[in-house]
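Student: Below, each chain spelled out in residue letters.
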Amino acid sequence: MFDFLSGYDLLGAFWVTVQLTLLAAVGSLVWGTLLAAMRVGPVPLMRGFGTAYVNIVRNVPLTVIILFTSLGLNQTLNIKLGAENFDTINFRLAVLGLIAYTSAFVCEAIRSGINTVPVGQAEAARALGLSFTQVLTLVVLPQAFRSVVGPLTNVLIALTKNTTVAAAIGVAEAALLMKKMIENEAELLLISAVFAFGFVVLTLPTGLILGWVGKKVAVKR
Amino acid sequence: MKLRKVTAASAVVLALAVSATACGSNDKDPGSSGGGKKIAIGIKFDQPGLGQKTPQGYSGFDVDVAKYVAKKLGYNEDQIEWKESKSADRETMLQRGDVQFIAATYSITPEREKKVDFAGPYLLAHQDVLLRADDDSIKSPADLNNKKLCSVTGSTSAQNVKDKLAPKANLQQYPTYSACLTGLQNKAIDALTTDDSILAGYASQAQFKGKFKLGGFKMTNENYGIGVKKGSDLKAKINKALEDMVADGSWDKAVKANFGPANYQNEPAPKIGDIKS
Numbered sequence: 001m002f003d004f005l006s007g008y009d010l011l012g013a014f015w016v017t018v019q020l021t022l023l024a025a026v027g028s029l030v031w032g033t034l035l036a037a038m039r040v041g042p043v044p045l046m047r048g049f050g051t052a053y054v055n056i057v058r059n060v061p062l063t064v065i066i067l068f069t070s071l072g073l074n075q076t077l078n079i080k081l082g083a084e085n086f087d088t089i090n091f092r093l094a095v096l097g098l099i100a101y102t103s104a105f106v107c108e109a110i111r112s113g114i115n116t117v118p119v120g121q122a123e124a125a126r127a128l129g130l131s132f133t134q135v136l137t138l139v140v141l142p143q144a145f146r147s148v149v150g151p152l153t154n155v156l157i158a159l160t161k162n163t164t165v166a167a168a169i170g171v172a173e174a175a176l177l178m179k180k181m182i183e184n185e186a187e188l189l190l191i192s193a194v195f196a197f198g199f200v201v202l203t204l205p206t207g208l209i210l211g212w213v214g215k216k217v218a219v220k221r
Numbered sequence: 001m002k003l004r005k006v007t008a009a010s011a012v013v014l015a016l017a018v019s020a021t022a023c024g025s026n027d028k029d030p031g032s033s034g035g036g037k038k039i040a041i042g043i044k045f046d047q048p049g050l051g052q053k054t055p056q057g058y059s060g061f062d063v064d065v066a067k068y069v070a071k072k073l074g075y076n077e078d079q080i081e082w083k084e085s086k087s088a089d090r091e092t093m094l095q096r097g098d099v100q101f102i103a104a105t106y107s108i109t110p111e112r113e114k115k116v117d118f119a120g121p122y123l124l125a126h127q128d129v130l131l132r133a134d135d136d137s138i139k140s141p142a143d144l145n146n147k148k149l150c151s152v153t154g155s156t157s158a159q160n161v162k163d164k165l166a167p168k169a170n171l172q173q174y175p176t177y178s179a180c181l182t183g184l185q186n187k188a189i190d191a192l193t194t195d196d197s198i199l200a201g202y203a204s205q206a207q208f209k210g211k212f213k214l215g216g217f218k219m220t221n222e223n224y225g226i227g228v229k230k231g232s233d234l235k236a237k238i239n240k241a242l243e244d245m246v247a248d249g250s251w252d253k254a255v256k257a258n259f260g261p262a263n264y265q266n267e268p269a270p271k272i273g274d275i276k277s
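Same order as they appear, the protein sequences are chains C and F. Take the first sequence: its letter number 58 is residue 58 in full-length UniProt numbering, and every next letter is one higher. Take the second sequence: its letter number 106 is residue 106 in full-length UniProt numbering, and every next letter is one higher.
In short, the hints are calculated from the structure, not lab data. None of these values were measured; they are calculated from a predicted model. Virtual Cβ for every residue (Gly too), placed ideally from N, Cα, C. Hints are supplied without guarantee of correctness; some may be wrong.
When the alpha-carbon atoms are kept at most 20 Å apart in a straight line, the in silico PhoX-like pairs for lysine-lysine are as follows [as the list claims (entries may be wrong)]:
| hint | chain 1 | residue 1 | chain 2 | residue 2 |
| --- | --- | --- | --- | --- |
| 1 | F | Lys115 | F | Lys139 |
| 2 | F | Lys147 | C | Lys80 |
| 3 | C | Lys179 | F | Lys115 |
| 4 | F | Lys86 | C | Lys179 |
| 5 | F | Lys71 | C | Lys80 |
| 6 | F | Lys253 | C | Lys80 |
| 7 | F | Lys83 | F | Lys71 |
| 8 | F | Lys253 | F | Lys71 |
| 9 | F | Lys240 | F | Lys72 |
| 10 | F | Lys162 | C | Lys179 |
| 11 | F | Lys38 | C | Lys80 |
| 12 | F | Lys187 | F | Lys218 |
| 13 | F | Lys168 | F | Lys148 |
Output of the computed footprint for chain C on chain F, the stretches with three or more beta carbons under 8 Å from beta carbons of chain C [to be verified]:
| hint | stretch |
| --- | --- |
| 14 | 82-93 |
| 15 | 105-114 |
| 16 | 174-180 |
Chain C stretches covered by chain F per the calculated footprint, using a threshold of three residues with CB under 8 Å from any CB of chain F [what the hints assert, rightly or not]:
| hint | stretch |
| --- | --- |
| 17 | 90-98 |
| 18 | 117-131 |
Work out the full structure: start from the sequences and follow the hints.
Tutor: Structure (structure tokens):
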């Protein structure tokens, strides 16, 4: 029944999906945290930038962003991100696009976490003479992160599935292999089921493990 | 109290909307309307020269073939209901009976023949490349190595390049051929590869006339057939219609009309059942 699977590098394709997910997750966590810091910061210009960025980027379809990285940045502006081969260029462009998009959601998740930290703590820290950066990194953010493990897990699961959009610019991940197999094998439902199962295998443990971590680290108030 | 009125009103609206859509879908059902006097045919909507939906109607070689076949089956043009059959949906649409037959750049392959029956072939196409008109650096398939190629994501043409034709070529895959054409014009891409019939259709479009040329390499054989449901008696009737189409010269006329401007050297009409591998 599953003989149509032979001759295809199913694991290799899902490995690319995992790589895309992990790199984009780390990148968007960093950039998203910076964006959140900007949005709660004291400098009006940065607050404006953060708000504008989040509201623009999260309302643009991901496909448009990913296609823009290839058609706009690569084909038109000739940006190659230090690679010559389309396979490598497209992989890096896809990671860039995913970071740009996902960080908007990470930023909002973290900002909601910041709002759970009682204002009194920040005021007390400021009264002790801590600077804005110190208040944020020493007092507010550590507690904020601990309360947003759940929402961030949602974002991570969504990101895992969003990596399929990278097939639009030819990154050889799971969704591209799926298109290839459907083209060759004429087994639409079975092939889709196999790939759906593959994604469940990736995301279900993510949800379970991070759900447990979230409970462990939550700040009891 | 006010709230309850609003709820009731919205419930009424919702009910109306539901019943309205229900009627709508009944009208479009191919089986129930007009007592079988309509025929649903699957074509591509987005391939110039083969099957394209335009504000004026449907045009292309596949469309002309489908119209001819439908006429021989006893349906006028206004009794045809065109449906879009994307590559991935074709087998399912035939098996469910959404369409009676499909003429949509449908290459006959052993895997597909397990699921559906094919009448024809009605056109022998080859994988080829589309180049910029002023580019003389690619003269044979071997020249494609180390060049920047573009094709549609996951398509057979893209796989052939990687596996057989030019393993060292730098391959970019996009969801549509139009995206590839942008790169070809900007010189970010050197060649666009797929079936020559499809390429000829794009090169014949008014806005691209004179800008691109076909390589003429004939790298593979693609036998376009008309897909019908497995075991359907339509197969024999369609084969007969296709023979008539070649015999009375309509086939040649359709090829000239749809691929002519691209200087496309078409193969002679294939014999029914003669599948070149």
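Student: For which of the previously enumerated hints does the structure constitute a violation, in increasing order of number?
Tutor: 1, 5, 6, 11, 12, 17 and 18
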